[in-house]
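Trainee: Each chain is listed here by its residues.
Protein chains: 2
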Amino acid sequence: MKIYKATLISIGDELLIGQTVNTNASWMAAKLNDIGVQVKEVLTISDKAADIKNAMERATKQSDVVLLTGGLGPTKDDITKKTLAEYFSTELVLNEEILEILKGYYAKRNRPLLQSTAELAYMPANCKVVFNKKGTAAGMWWDENNTITVSMPGVPYEMKTMMEERVLPRLQKQFKLPAIVHKTLMCAGLGESIIAEKIKSVEEKLPEHVKLAYLPNLGILRLRLSGFGSNKAALEKEIEGYSGEISVLLTNYHYGFSEITLQETLQNTFIEKGWKLALAESCTGGEIAAHIVKIPGSSAYFKGGVVAYDYDIKESMLQVDHQLLQSEGAVNKQVVEKMAQNVLTKMQADFSIAVSGIAGPEGGSDEKPVGTVWIAVASKEKVEAKKLLFPLDRQKNILLSTNYALYYLWRFVNS
Amino acid sequence: MKIYKATLISIGDELLIGQTVNTNASWMAAKLNDIGVQVKEVLTISDKAADIKNAMERATKQSDVVLLTGGLGPTKDDITKKTLAEYFSTELVLNEEILEILKGYYAKRNRPLLQSTAELAYMPANCKVVFNKKGTAAGMWWDENNTITVSMPGVPYEMKTMMEERVLPRLQKQFKLPAIVHKTLMCAGLGESIIAEKIKSVEEKLPEHVKLAYLPNLGILRLRLSGFGSNKAALEKEIEGYSGEISVLLTNYHYGFSEITLQETLQNTFIEKGWKLALAESCTGGEIAAHIVKIPGSSAYFKGGVVAYDYDIKESMLQVDHQLLQSEGAVNKQVVEKMAQNVLTKMQADFSIAVSGIAGPEGGSDEKPVGTVWIAVASKEKVEAKKLLFPLDRQKNILLSTNYALYYLWRFVNS
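Protein chains in written order, with the numbering used here: chain A, 232 to 646; chain B, 232 to 646.
Just to be clear, a hint being listed does not mean it is correct.
Each pair may be met inside one copy or between any two copies, as identical chains are not told apart.
[What the hints assert, rightly or not] Mimicking EDC-like on lysine to aspartate or glutamate, the simulated pairs with C-alpha atoms at most 16 Å apart in a straight line are:
#1 Lys-236 / Asp-282
#2 Lys-577 / Glu-546
#3 Lys-611 / Glu-322
#4 Lys-525 / Glu-593
#5 Lys-442 / Glu-469
#6 Lys-507 / Asp-543
#7 Lys-365 / Glu-435
#8 Lys-599 / Glu-495
#9 Lys-313 / Glu-350
#10 Lys-525 / Asp-624
#11 Lys-391 / Asp-265
#12 Lys-365 / Asp-624
#13 Lys-262 / Asp-244
#14 Lys-262 / Glu-245
#15 Lys-442 / Glu-467
#16 Lys-279 / Glu-245
Rather than coming from a laboratory, the hints here were simulated on the basis of the structure. Every value quoted in this text rests on a predicted model; they were computed, and no experiment measured them.
Construct all of the structure, not just a fragment, from the sequences and the given hints.
Mentor: Structural data, given as structure tokens:
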């Protein structure tokens with residue numbers, strides 16, 4: 232079976248002086264990989280005509296598809312369109328449809344259509360136009376000398392919409408790519424190696440055409456099944472079967488599919504059940520609340536939280552016993568349980584989380600080293616607490632604590 | 232004056248399947264730019280010998296220095312060292328010094344030195360070894376055919392230490408690079424175009440050899456002065472002069488130098504003065520607290536906060552008047568002022584911030600569109616509030632609100 236190869240050309244001086252990280256290339260690479268196109272190389276170059284032409288020559292030789300991003304805007308350093316027109320030996324001609332879109336765009340915003348902007352309506356005569364639903368600079372598609380060349384804007388959401396709605400579907404069709412089915416199982420609460428041990432029986436029997444990837448990130452593990460074949464329906468059924476088996480083996484750890492976060496899963500459950508949530512955070516310092524509030528619609532179930540960073544606040548706002556704090560410190564079972572129970576009562580919530588720990592780099596001791604974190608979850612009926620020890624730096628320990636706290640809540644409400 | 236050119240070669244399949252974003256390349260590009268070396272191109276390639284050799288040929292032709300990262304570990308897909316040895320027509324020979332370092336490293340950790348790991352001590356015979364202070368895989372330096380080639384590990388902090396302590400200083404010396412002086416002024420509270428207007432008089436008189444870059448990010452603007460010349464001391468004095476002039480023109484907006492954040496500046500001031508801080512957050516949902524707690528040592532001044540997301544919590548925890556919330560809603564001057572004053576009193580702090588707004592995408596009205604945010608700052612003596620309208624998506628509106636809130640506090644305590 233032929234393997235189709237892609238070269239990505241990322242154009243822009245901002246990439247070469249380190250002002251912008253090339254996230255476009257990694258996003259595009261992942262998407263191409265998803266449809267079975269292999270990225271051979273990413274070339275990051277400046278906004279210079281000679282460099283663009285040189286990169287085009289290299290890319291065309293080594294790949295079936297060349298995807299360029301950047302340099303399509305209306306400013307004078309945006310030279311990609313003009314350069315590609317020269318490369319494909321053609322002229323820029325007026326595209327009436329784009330001109331009408333531009334007129335409409337500016338009329339709606341009560342702004343005049345400047346000549347520099349109107350130039351966006353002039354397109355290379357021999358390309359197919361890829362319309363831009365999210366912005367003003369259209370893309371271009373050439374199919375010449377056995378290579379497909381597509382030029383897109385560098386603005387991430389404009390490029391992403393173009394890729395998903397136009398470029399990827401067309402490539403799949405034109406290359407007659409094999410059916411590919413992906414399914415991602417989102418897991419938490421266990422390390423990669425223990426998960427691998429638990430699902431060994433499934434992993435060992437996976438056929439050659441089904442791959443399993445482990446993608447861990449700060450307490451969350453994405454398990455990604457990918458199947459390749461000719462019959463999409465059969466493949467979907469097959470992947471579904473393995474996914475089901477893995478899910479059973481990971482009961483209590485597998486919390487959802489696709490790219491769903493723990494806080495989205497929790498939000499769905501809480502809203503469905505009409506439950507309310509409250510938080511009491513010490514070492515995570517508001518990070519759990521911030522994670523929850525990031526999701527639109529969280530106001531429907533999230534009552535709020537107390538960031539009880541100082542001992543005083545644990546006492547005055549959460550009624551943690553002064554003597555207890557003085558004798559045992561803030562990082563222990565009794566303190567987090569009290570924090571969880573009292574914030575639940577005070578905020579009249581159905582469930583609560585409390586976290587207290589030593590994020591580092593200072594504040595550790597032999598008995599309670601940096602990374603020691605206590606997490607409690609409570610309902611009106613009961614409270615549970617766990618102790619963890621995280622090995623990373625301050626910021627990562629905070630994020631690990633946040634993900635583990637959300638995971639314990641998920642497990643608590645689902646048990 | 233000769234312009235020295237660099238090509239970066241980033242090696243690793245994880246980069247080409249989109250699993251890892253190439254942050255190494257942008258970091259290195261910024262650092263090279265800082266010493267006056269221009270990055271001509273970044274080539275991102277797979278762990279294949281043929282691709283590495285092909286990239287080396289291209290890079291060597293077009294640049295004075297080639298920096299490679301990745302593929303130096305002990306696993307079997309790490310083939311960079313072996314491939315470069317072939318490219319430079321040499322053999323791998325035992326380096327006793329590295330072997331001793333490896334022995335010590337593993338003895339300290341009570342782990343055996345495996346053969347696969349011991350292979351890290353075999354280095355190409357004709358390279359200079361660049362020792363790795365942060366890990367086990369050493370770097371390599373060749374100076375052949377008028378090109379410097381340096382191969383480094385792909386682990387970011389290992390590579391960064393090598394770059395800063397060894398590679399960049401050696402390049403500056405060997406290339407006899409001009410003196411370069413950078414100075415960054417951190418600003419907040421005003422948009423880029425208004426700042427440009429305010430400092431026009433300085434910007435217009437900057438000589439050819441002094442550049443000013445505007446680097447905006449969600450309410451924070453970095454203004455970066457870069458001077459190029461032969462006499463470093465004179466250049467420093469010159470840049471210092473322009474920096475001073477800009478600073479005066481941006482009084483109340485220029486809050487610090489280098490890459491300092493608002494919360495670090497505040498932390499320094501609060502600890503110095505012995506002040507304490509409390510927060511009352513609605514739409515920012517804990518993000519301001521999380522920003523503060525990210526900084527080690529914040530427990531010395533940060534008492535805590537209330538995330539008062541629900542109306543109930545604004546009433547029960549912060550004593551905002553029920554009637555006021557019912558008649559005016561939560562997004563107005565009176566509510567944020569009450570939140571700020573009451574959290575200050577309850578937490579016995581010296582200063583406080585309160586934020587209430589509509590982050591979006593839902594919840595807006597004609598009178599209070601999405602992006603409307605009220606921010607209050609209070610001390611025992613007074614309270615001030617400002618209304619803002621942010622135009623971005625939910626997550627960015629939250630981050631903008633956070634940065635503006637920290638800015639208003641900075642301005643409030645410094646007035």
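Trainee: For a quick check of understanding: which of the numbered hints are violated here, in increasing order?
Mentor: Hint check: 3, 7, 8 fail, others pass.
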